[in-house]
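Participant: Sequences listed follow chains B and W, in order.
Counting along the first sequence from 1, when you hit position 214 you're at 992 in the working numbering, and nothing is skipped either side.
Counting along the second sequence from 1, when you hit position 337 you're at 534 in the working numbering, and nothing is skipped either side.
Treat the hints as calculated values from the structure; they're not laboratory data.
One should not assume that every hint holds.
Unchecked claim - For lysine-lysine, the following DSS-like pairs were computed, each having C-alpha atoms within a straight-line distance of at most 27 Å:
| hint | chain 1 | residue 1 | chain 2 | residue 2 |
| --- | --- | --- | --- | --- |
| 1 | W | LYS466 | B | LYS1003 |
| 2 | B | LYS1003 | W | LYS540 |
| 3 | B | LYS1015 | W | LYS466 |
| 4 | B | LYS1003 | W | LYS565 |
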Amino acid sequence: MDAKQSRKLDFSPILVPLLSIVVALAFGGILIFIQGINPLLAYRVLFTTAFGSFDGIAITLAKATPLILSGLAVAICLRAGLFNIGAQGQLISGALASAWAGYTFVGLPALVHIPLALIFGAFFGALVALVAAVLKAYRGVHEVITTIMLNSIVIALSDYLTSNPFKEPDQPLTRTPKIQDSAQMPDLLGLPLGFFLAIGLSIILWWIMRNTTTGFSIETIGRNKNAGWYAGISVKKTIMLSMLIGGAVAGVAGAVETLSIIGRFEPAFNAGLGFDGITVALLGRANPLGVIPAAILIGGMRASGSTVQFEAGVAPELVDLLLAMILFFVTAPLLARFFKNRKENVAMTSGWSN
Amino acid sequence: MRTLLEVEGVSKGFGSVIANENISLTVKEGEILALLGENGAGKSTLVKAVFGLVKPDAGTIKINGTVMESGDTAAAIASGVGMVHQHFQLVPVMSVTENLILGDEPKRFGVVNIKQARKEALALSEKYGLEVDPDAIIEDLPVGMAQRVEILKALRRDVKLLILDEPTAVLTPQETDELLEVLRNLAKRGVGILFITHKLREVMAVADRIAVLRGGKLMGTTTPKESSEAKLAQMMVGREVVLRVEKSQAKPKDVLLSIKNLRVSDDRKLESVKDLSLEVHAGEILGIAGVEGNGQRELVEAICSMRSRLSGEVIVKGQEIPNLNPRAAHLAGVSHIPEDREKHGLVTSYSIADNLVLNRFDQAPFAKGWIRNLEEVANNGEALVEKFDIRAPDAYLSASSLSGGNKQKVVVARELSQQLDVVVAAQPTRGVDVGSIEFIHNQLIAARDAGAAVLLVSAELDEILSLADRIAVISNGKIVAIFNSKEADRNTIGRLMAGLAS
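Working from the sequences, and respecting the hints, build out all of it.
Facilitator: If you want it as structure tokens, here you go:
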């Protein structure tokens, strides 16, 4: 099947994201120019900082690690036709849970402690997603609404927990104690271990989507729920499953960030990772492998934002602006197609017949 | 007699598809022109051009001798063109009178003068001999009546040329006959009528002249006298079509599908299948004849376990099918050709090959445990594309690129290529070209001869009459009569379908 499919190489999935990036950079360039700065200089600094040296690449990949995971969390749900805006909340829940597991358990070997803390992260990420999943599957409540509200609930709850029961004793700061050394994720070949974990998860999920009956079920429900029901696929189970996978992966994203970079849970330290996941997923065309380059690109921009300010004098908001524009241009055709399909459906049922 | 409509050399393309190619035709005062053609032949496009909804690439359209500015619907209406759409443009909760005046209300001191409007409605219905109750609410009316209101609405605007887009698709045979009578009367009063259809019987019954379209081209213009149903069918498809399906005598055996005291509600929670019992034997085709919306959809979905049963049993090969479990129904041996192939039958963005295993993707040989066997899926796809004559370059093409007939063949291929016990075919040839219809009919007969119990639900009485071995008439959620197809008579069935005692 592969040989025959590749006969007609379709570049359009890559073309739109690339075009979005180019157009966003062009618009960003105009804004930089208005500031009186040479945009080419700014962009050169941006890209050489992110990708120009081994150290730079290492930092970029470290920044990209949680983005790959949160991008995956959004992408898997998109495959099932669900828009998981709640990666942020799931990620925070996972970060806090893994931090708790990281400082609470004492005397475990690292080989046990790190996986245990990661599992805590995955479990509590999935737990947050479970609420939205149940409401969607059994009550038909739209997941965009529930996941947005859950984000607020989780943020408020984590604030409460870190300023009360989980607070680091005898410290003025609102944060948990530092995790044990045994829970600290080490580096491998100068790169964070979590990066390899993220790549591994991407490949596994890509393979599952492509080669397993579970993947086919998720894909079918995402593309045509009615046909899935007709074909005997349980819509409820599929919604539950994909939301839970998404929540668990987002939870792992928070855990990896906690266990390898931050070392404890501090509110606002994970700010935006889950939301950047949405950009990553859309830029990666909801493809589990596509999120990797998308996350690396965005991670690189995040990594070099402050250097650009320092060396070229461009406001650090430039990176946010570029990301927002990329998201805008990537979703514009997505939205266009979405509406077009809608319209076609309407036309099929109530339009003119031949 | 004056010529009302002159279409001269009209062409229209959509991308690479040519919908109309150099079409010329005329409609005179008091004349009924039937525009005949398969789905996709370009009938709608041509009519849209006349009504100003589509801008032709070339050619002119003259109404009453005046060249129409293309894309100007208002001008078309002003010069006396009226259109009755297939899907009624009526407000269901409003009365007949209110619907008739909508958009052009008689006013008194700036307020709608409903008394005056009612008078107008009565006068209008009397003038054209189209009886309707001006106070009835549209949603309470039978479809044929609602259509009458739609026609009156057009006539109220002093229509000289009336266009009807597949007006008989939703009607019972009796209502159809009444409509044809109405059209004849209108023609006598001098109204020119452009009547779109693909039903040969109606064309022969009512048309003064017949224009046949095929693949966007005008194949010719003829009259009922000079032509015959067989000749028209050949003009439509370009080859001889067997209208009467050839099949051998059925050899019914044991009961494979048995439905006992089934009650099902529709989407509005109204009971639409009412204590229905039915048995289908191996080796026979049982046709369910009925006007659409009499519980057929709910019946089919309940048999296939897609819709919840209020009570009653569905038994396949002695095994009861659990409620709301399409997978269980399928595993018990129910093949289902769904009524709406785009909604239920296909994932159009999937390849043909994936669609051909849509409800078997996790069973051997298409999966081994958790892992799909993509090679088997591909082999199966290639084999079925070949065997079921699906017109596609290969099985990896996305199903969305296929024509309606070929999409339906994908569904039929999937459902009839498995072990056949019970086949439930709902509107299996709806929106399908004549060539594919013939093919699908033959496949259903082959399934019957292979020992399957086939339940055929169709809104086309002709399809039921030519395919079924036994015919059950459904009306208002109940089976009101069952005939052997040899004893079946079109009129009796029609009366039963309409809810009249025979």
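Participant: Run every hint past the structure and note whether it holds.
Facilitator: Results for each hint:
Taking the CA atoms of W:LYS466 and B:LYS1003, the gap is about 22 Å. The hint holds against a cut of 27 Å. Of the pairs offered as hints, the one joining B:LYS1003 and W:LYS540 holds, with about 9 Å between alpha carbons and a cut-off of 27 Å not exceeded. Distance check on the hinted pair: B:LYS1015 and W:LYS466 sit about 25 Å apart at the alpha-carbon level, within 27 Å; holds. For the proposed pair B:LYS1003 and W:LYS565, the alpha carbon gap of about 24 Å is at most 27 Å, so the pair holds.
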